[in-house]
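Novice: Residues per chain are reported as follows:
2 protein chains.
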Amino acid sequence: MKLTDIYWHLRSDIAKIEKELEVTIDAKHPILKKASSHLLKAGGKRIRPVFVLLAAKFGEYDIEKIKQVAVPLELIHMASLVHDDVIDDADLRRGKKTIKSKWDNRVAMYTGDFIFARAIEMATNCDKPEVHQILSDAMVEMCIGEVEQIRDQYNWNQNFRIYLRRIKRKTALLIAVSCRLGALAAGAPRNVQLSLYRYGYNVGMAFQITDDILDFIATEKELGKPAGSDLQQGNVTLPALYSMKQNQELSAYILTMINSENSEKVVMSEIIEMIKESGGVDYSFEISDRYLNKAFKELEKLPDIPAKDSFYQIAKYIGTRKY
Amino acid sequence: MKLTDIYWHLRSDIAKIEKELEVTIDAKHPILKKASSHLLKAGGKRIRPVFVLLAAKFGEYDIEKIKQVAVPLELIHMASLVHDDVIDDADLRRGKKTIKSKWDNRVAMYTGDFIFARAIEMATNCDKPEVHQILSDAMVEMCIGEVEQIRDQYNWNQNFRIYLRRIKRKTALLIAVSCRLGALAAGAPRNVQLSLYRYGYNVGMAFQITDDILDFIATEKELGKPAGSDLQQGNVTLPALYSMKQNQELSAYILTMINSENSEKVVMSEIIEMIKESGGVDYSFEISDRYLNKAFKELEKLPDIPAKDSFYQIAKYIGTRKY
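Those protein sequences? They're chains A and B, same order as listed.
Quick note: to get this note's numbering, add 1184 to the position in the first sequence (first position is 1).
Quick note: to get this note's numbering, add 1184 to the position in the second sequence (first position is 1).
The hints are simulated quantities; they were obtained by calculation from the structure and are not laboratory data.
Possibly wrong hints are sitting among the right ones.
Identical copies go unnamed one by one, so any copy, or any two together, can satisfy a pair.
[What the hints assert, rightly or not] Here are the computed lysine-lysine pairs in the DSBU-like style, where the Cα-Cα straight-line distance is at most 30 Å:
#: 1; residue 1: Lys1500; residue 2: Lys1212
#: 2; residue 1: Lys1500; residue 2: Lys1249
#: 3; residue 1: Lys1354; residue 2: Lys1217
#: 4; residue 1: Lys1212; residue 2: Lys1429
#: 5; residue 1: Lys1485; residue 2: Lys1286
#: 6; residue 1: Lys1460; residue 2: Lys1225
#: 7; residue 1: Lys1212; residue 2: Lys1249
#: 8; residue 1: Lys1186; residue 2: Lys1460
#: 9; residue 1: Lys1352; residue 2: Lys1212
#: 10; residue 1: Lys1286; residue 2: Lys1500
#: 11; residue 1: Lys1312; residue 2: Lys1281
#: 12; residue 1: Lys1312; residue 2: Lys1409
#: 13; residue 1: Lys1229; residue 2: Lys1352
#: 14; residue 1: Lys1354; residue 2: Lys1286
#: 15; residue 1: Lys1409; residue 2: Lys1186
#: 16; residue 1: Lys1217; residue 2: Lys1429
#: 17; residue 1: Lys1492; residue 2: Lys1460
#: 18; residue 1: Lys1286; residue 2: Lys1241
#: 19; residue 1: Lys1409; residue 2: Lys1485
#: 20; residue 1: Lys1212; residue 2: Lys1485
#: 21; residue 1: Lys1212; residue 2: Lys1225
#: 22; residue 1: Lys1186; residue 2: Lys1280
#: 23; residue 1: Lys1186; residue 2: Lys1405
What you are looking at is a predicted structure, and each value in this text was computed from that prediction instead of being measured.
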């Protein structure tokens, strides 16, 4: 089953959000216009808006109101990716050139700033001050997450707690907030909002851990960038962290490879093999599953409406996705 | 009279804010730590915190509360300068190397993001939701201003309205908000808050226009960067705009010079001379004075306390400052 099959019934509302994203980041400035449009066309799963829509089904669903929340959430996510690619010096994302690679770091900086500004601008239109507060907290956490990522880059000795806190800030919180804000904007009861928040947090953690696993085990074609990119860019993720702690030799090997000039694919494939052999991938799947189980448990507390099944399917999908 | 003489009586509270700035942007990440500290040491007039403190004198002045507002305002300003220098490709600010020049655009991007995040983080600690809303609006405007600056760069045909709107977003609004938030945080009456906001807006406009004039008429030593830097970086300001509209020859001359490879100081000094001769500097001083007079009028509405005189002195200083 594909992710889009799960929310097939939302397709017309997702199209509305897609249109709104397009209108919102349209700019008169020629490079901004091109860069933003390049970013939109590169696509993405639009998983955050989908979570907003599904969560809103637990209250009074009005797409015109809900999209005022869904769009800024996707914009914050997009802006963070543009800046992330500068930090990671990444040339490809989803098989397309990144803005920093198609243009340069300067254009990537201001395109990210622009999209971020549009997100805050749109969020201030929302009439519920609580929405505003939760969104701005999420933005802060995202920014801190970005800075933590820089801080932790090439730090091969970080413990699991640091990794988990970083992916919480970078990914899980924005998904948790998407689930909560959809419910809040639609006036769903507070206990529903909080269950959805916890569901989103746990799904988000599992989602990022799976992403970090796939970076090692998926093919270049599936990833839209070379396998092992994270490690190459100095981003130390759970599979590598675990395996390095298990296997001191691997640790030394990775350091040598990363620091040498000719860190080509052949070598990366060896490192990937060693990470798998040392159990880093299996361990990470285990941790991901633990988060998914917590997400499933949160869903049990929710009223039985069709959206609940979609939330369930998405969590299940994340546990089995290949790319 | 120097600017610091005007707020000499605030020096111990300004020292507290300086200390707080230092603590707030301290980072464990080695480059972030160095970059932030470089930025702090480069100094600045700290005019936004000063406005906050002075405005708070119209209510219940409590430095511990007030600094929660003053610090984020200075941080937002600092973050915007770091990103601005990337946009302008500027190597010097206040005689010191910019972060993008001492390191690179990437470090400047994330240092700016980091300081910005710290500002939002600190602002969310404030217990008055109105403060929060006003600050986040100001941040949006600053971001849009940054993007407008890029859009308008090298656009030699913009009209005065576009210039004025840009400096409003880039400078005047944050100063207006500083004045208002100081009063608001100290619980001063609403009419006082609004008068101070309008005072700040008008003073901010005059301040930026004067800055733009000085870029042409001050010496390199006074400016801490070469005269004519704005024009060199494609930032079209009021003196140049006015003179180019008066003198088509100058217009063509500037375009040739900016587009040629050897746009050295000798040529810039000629351009500056032509701008002065065409009346661009005189005209800009006139416009600046108009804003200052509006600022003085707003002050008349305020109760007679010593802070009012400081506000008056600052406005007067802006009208006569040399650098």
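Novice: Does each hint fit the structure? Answer for all of them.
Specialist: For each hint, the structure was consulted:
1. Lys1500 - Lys1212: neither (42 Å within a copy, 39 Å between copies)
2. Lys1500 - Lys1249: Within one copy, since 29 Å is at most 30 Å while 49 Å is not.
3. Lys1354 - Lys1217: Answer is both: 26 Å inside a copy and 21 Å across each meet the 30 Å cutoff.
4. Lys1212 - Lys1429: Answer is between; shortest inter-copy Cα gap is 24 Å, intra-copy 51 Å.
5. Lys1485 - Lys1286: Neither. Shortest intra-copy (47 Å) and inter-copy (55 Å) distances fail the 30 Å Cα cut-off.
6. Lys1460 - Lys1225: neither (34 Å within a copy, 48 Å between copies)
7. Lys1212 - Lys1249: For Lys1212 and Lys1249, only the intra-copy Cα distance (27 Å) is at most 30 Å; the inter-copy one is 42 Å.
8. Lys1186 - Lys1460: Classified as within; 26 Å inside a copy, 67 Å across copies.
9. Lys1352 - Lys1212: between (36 Å within a copy, 20 Å between copies)
10. Lys1286 - Lys1500: neither (36 Å within a copy, 49 Å between copies)
11. Lys1312 - Lys1281: Result: close neither inside a copy nor across copies, 38 Å intra and 44 Å inter.
12. Lys1312 - Lys1409: Answer is neither: 41 Å inside a copy and 47 Å across each miss the 30 Å cutoff.
13. Lys1229 - Lys1352: within (19 Å within a copy, 38 Å between copies)
14. Lys1354 - Lys1286: Both: 24 Å inside a copy, 28 Å across copies.
15. Lys1409 - Lys1186: Within one copy only: 21 Å inside a chain, 57 Å across chains, cut-off 30 Å.
16. Lys1217 - Lys1429: between (46 Å within a copy, 29 Å between copies)
17. Lys1492 - Lys1460: The answer is neither: 35 Å in one copy and 70 Å across copies each exceed 30 Å.
18. Lys1286 - Lys1241: neither (40 Å within a copy, 52 Å between copies)
19. Lys1409 - Lys1485: neither (39 Å within a copy, 63 Å between copies)
20. Lys1212 - Lys1485: neither (48 Å within a copy, 41 Å between copies)
21. Lys1212 - Lys1225: Answer is within: at 18 Å inside a copy they meet the 30 Å cutoff, but 38 Å across does not.
22. Lys1186 - Lys1280: within (21 Å within a copy, 55 Å between copies)
23. Lys1186 - Lys1405: within (17 Å within a copy, 64 Å between copies)
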